[in-house]
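Trainee: Produce the complete structure using the sequences and hints provided.
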Amino acid sequence: MKSASRFIPLLVLLLFVGAVSWRLAVPNDEKIPSRLTGQPLPPFELQSAVEGVKGLSSRDFASGKPRLVNVFASWCVPCIAEAPLLLELQRQGVPIDAIAVRDKPVDVANFLKRHGNPFERIGSDPESQVQLALGSSGVPETFIVDGRGIIRYQHMGPIEASDLAELRQRWEQAR
Amino acid sequence: MIAEAGLASLWLAAALAALQLGLAAGLGGTPGRQLSSIRAVAIGQGILTVLAFASLVLLFLRSDMSVLLVAENSHSQKPWLYKFSGTWGNHEGSMLLWVMVLALAGAILALFERRLDRRTLGATLGAQAMLALGFFAFLLFASNPFERLSPAPVDGRGLNPLLQDPGLAFHPPTLYLGYVGLSVAFSIAVGGLVRRNVGPAIARAMRPWVLAAWVMLTLGITAGSYWAYYELGWGGWWFWDPVENASLMPWLAATALLHSVNVLAARGGLRAWTMMLALVAFSMSMVGTFLVRSGILTSVHSFAVDPTRGSFILALLTIYIGGALTLFAFRIATVKEGAPFEPVSREGGLVANNLLLSVILGIVFVGTLYPLLAEALSGEKLSVGPPYFDAVASPLALLLAALMVIAPQLRWRRDAAPVLPRIAPGLVVGSGVLMATIVLAPGIGLLPRLGLTLGATLVPASLQPLLNRSLRRTPLAVWGMCLAHLGVAVSMIGMASDSAFTRERLAAARPGDKIEVGPWLVEFRDITPVAGPNWTALEAELRASRGSGVVVLNPQSRFFAEPPTTTNEAAIDTSWNGQIYAVLGEQDGEGRWQLRLWWKPFVTLIWFGGCLIALGGALALIGRFFRERRPRRRGEDAFA
Amino acid sequence: MMVRPKHQRLVLVTLAVAAVLGAVLLAMWGLQDRAAYFVTPSDIAAGKAEPDTAMRLGGMVVEGSLVRERDGVSIRFDVSDGKAVTPVAYRGITPDLFREGSGVVAEGRLQPSGLFVADHILAKHDERYMPPQMANEVAAR
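Chains as they are written, first to last, in the UniProt record's numbering: chain Z, 1 to 175; chain A, 1 to 640; chain X, 1 to 141.
Treat the hints as calculated values from the structure; they're not laboratory data.
Certain hints may be false.
Claimed, not checked - With beta-carbon atoms standing in for the labels, derived distance ranges: (1) 52/Z with 47/X: 56 to 66 Å; (2) 472/A with 11/X: 39 to 49 Å; (3) 66/A with 55/Z: 28 to 38 Å; (4) 150/A with 76/X: 50 to 60 Å; (5) 63/X with 559/A: 19 to 29 Å; (6) 95/Z with 47/X: 45 to 55 Å; (7) 140/A with 114/X: 27 to 37 Å; (8) 63/X with 95/Z: 22 to 32 Å; (9) 326/A with 164/Z: 45 to 55 Å; (10) 76/X with 387/A: 43 to 53 Å.
As the list claims (entries may be wrong) - Straight line, CA to CA, 20 Å or less: simulated SDA-like cross-link-like pairs of lysine to any residue: (11) 83/X with 64/X; (12) 514/A with 539/A; (13) 104/Z with 535/A; (14) 381/A with 29/X; (15) 381/A with 84/X.
What you are looking at is a predicted structure, and each value in this text was computed from that prediction instead of being measured.
Ideal Cβ placement from N, Cα and C applies to all residues, glycine included.
Mentor: Here it is, written out as structure tokens:
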């Protein structure tokens, strides 16, 4: 009893380390996917978020070509990280539009000047209404919308280099 | 330049820590000269980390946006106080602060410790260097606070507005002082075990550190509780959130250690137990830091579990705690037996105190980690909250309070005198209060009623050790103990009163409406927009009247532009017998505003009690310093 | 009766072990009916959630389902996980990020009637994703 009881604290530690390592290996996924995947875009009409770039409307997607919609904000740090990857997608010929969430024209202009502008149209969503209507629960998020205005794919969180191939492939499939 | 200087100091300090560890390991042979070089190295390491931290503070104050950390967490338009506190309002900065306190504690230990023999002190400083080395590595390799950002942004990303609060600005440093103070107790225990020297000298060396750390933890928890109370706007003062538990667990362990270390210092007893608690107390600090910093257990809002950082701290924690516990397991059989005592004695009371505190600690620990365990084993997601902690921990806390009525009055070793006369004053007051609550407030719950009764019993009982003594010659440590116990009583009365007598009203009101809450009549006058340095707000004007007294309350709904966030600022007015608390909600479709009002009688006693506890600890600490300078008189250590 | 040191040590060790075991047993007993399980509307529809025990309900607030009661402080809304829908009633001030279409976690109890009565509402909406790789990626720039 006595000699074994010396090791009880060690045992408790091992249990703790075990449980915690498991959590580190299998991170808790709190992301909520949009219910709208496979559904048509909700109708919206957004003013331009920055001078010199057109605003964004749900009707712009009935063009017959699949497009990406990037939900971003100038105050969002991960959006800076994904900016060069969006530029890369645009260079590969993927048309990209954007929704700037809770943003001001000056800040958006600064953001584009500093990190480049891969977007054809940028709609301003000052109260996150369209963002929420899309079922997006954070920034950045990227949607693939096909030529008939149906949401085909949702990417949550920033795009990373490893995501490029998949996004490109999904875009091709949406044709 | 400053960033590079800071980084260089950090690297140098890490090198010194490695040197210190090497010197300590080689100390087996001739301890004389080596110890003085270990001392010098420890002091140098302390100075260098202070320099590193000072550089980071300077970078924040100057809003140097070319440093990634500053750019992500600060903003040039922020008030300077929050630029300053922004230094530790983020992961890297707070870890640097942690390491600075750790190295400083090592330096102070090296400078002033004279009670330990040379070899034990050498081993202790070696252990301290090993702790520091791991955390230096963590900073340098996994969370460098001095990382540059190129090109530098025009301005920063701000700081979470919830953190822009003077109370919170100084909350983490206070807790860190507590956490890290316990690291010294840990190192001394390791040093003692390595040198097979576990006796009263160890306990005396450990005691001031434990006391100081405990005072800081008490203050930190009290301040944190008050912050949550007025900032979250939910009217509660403790939510059993994992982050709160992370600070409560080291406090529980430190409280147990504080009591057992006195048995070892005064009577040579409870040797193995005290060493174990010293190891557990700092382990809980590390576990707490880990849980908070890795984000592993944070609430539904968290997305950020960083496996690299998490694994790094976890590895450190496993090595340090695992190593120390293994050392304990193999050395403890060689520790001498302590002096014997009877079950009814001061020692017996302190053992009971320790056991109860340990059980409460175990319950909090299991409850905090259970969601993780359950999901790992069965895949089910669940959360453990107040229903569990309240129901399981409160009865034990009440039992502990009951023990406090008598235990401080027991004699060392054996106590055959009758107990009843000594607890009579407490029993009289307590039963009076019990009667009063039954007659005046028959509807309150069992736990609050017991809390009020025991709290009242404790008020006279905690002061009784001062009776029959010449007050002027009573050691400060005894004053400290009485004050701390009185603080527990006061705090308990506040908690019980809050849960028994709080009145709450939730209403939708138009300007001009009147709402009754408890003894107050609150008139909703108006809503006006106001602006602060970096926010705009809607502010309600409420006039609360009770008899002839009128107070004005201005709860706000604040909007911060960067990052865009809304917070509710509760309005609180304190009177001698409680607080009235108001929160402003949203406007509904018909032009009415949601208002939530509370009247909380004697709720302030909770934090007042917490301050008394800390003050008691501080008095005892001061007393210890004076005592060490004077020759010991016979019998004076009778209390410890 | 003064105990011998050796004997006393055995008693202390036994007490310590008993305290550890006691704490674990007590905790397990307490956790049995006081841990709040995380459920989704589909779990409730499948009858997996027991009425009148504390639980957390997670999902999205269904568009157009939010109704304010006449008293101005009570609301009703539907929570959906895409497969099933649970009606929720709540009295109090909702968090800022609580909106139709956004994620929500409601703490409360399920009534036998199928209505979920929430004591607390936590909006599940984070403005900044910061997945693990991110921190490094930003740092690398």
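Trainee: Output the indices of the hints that this structure fails to meet, ascending.
Mentor: 7 and 10
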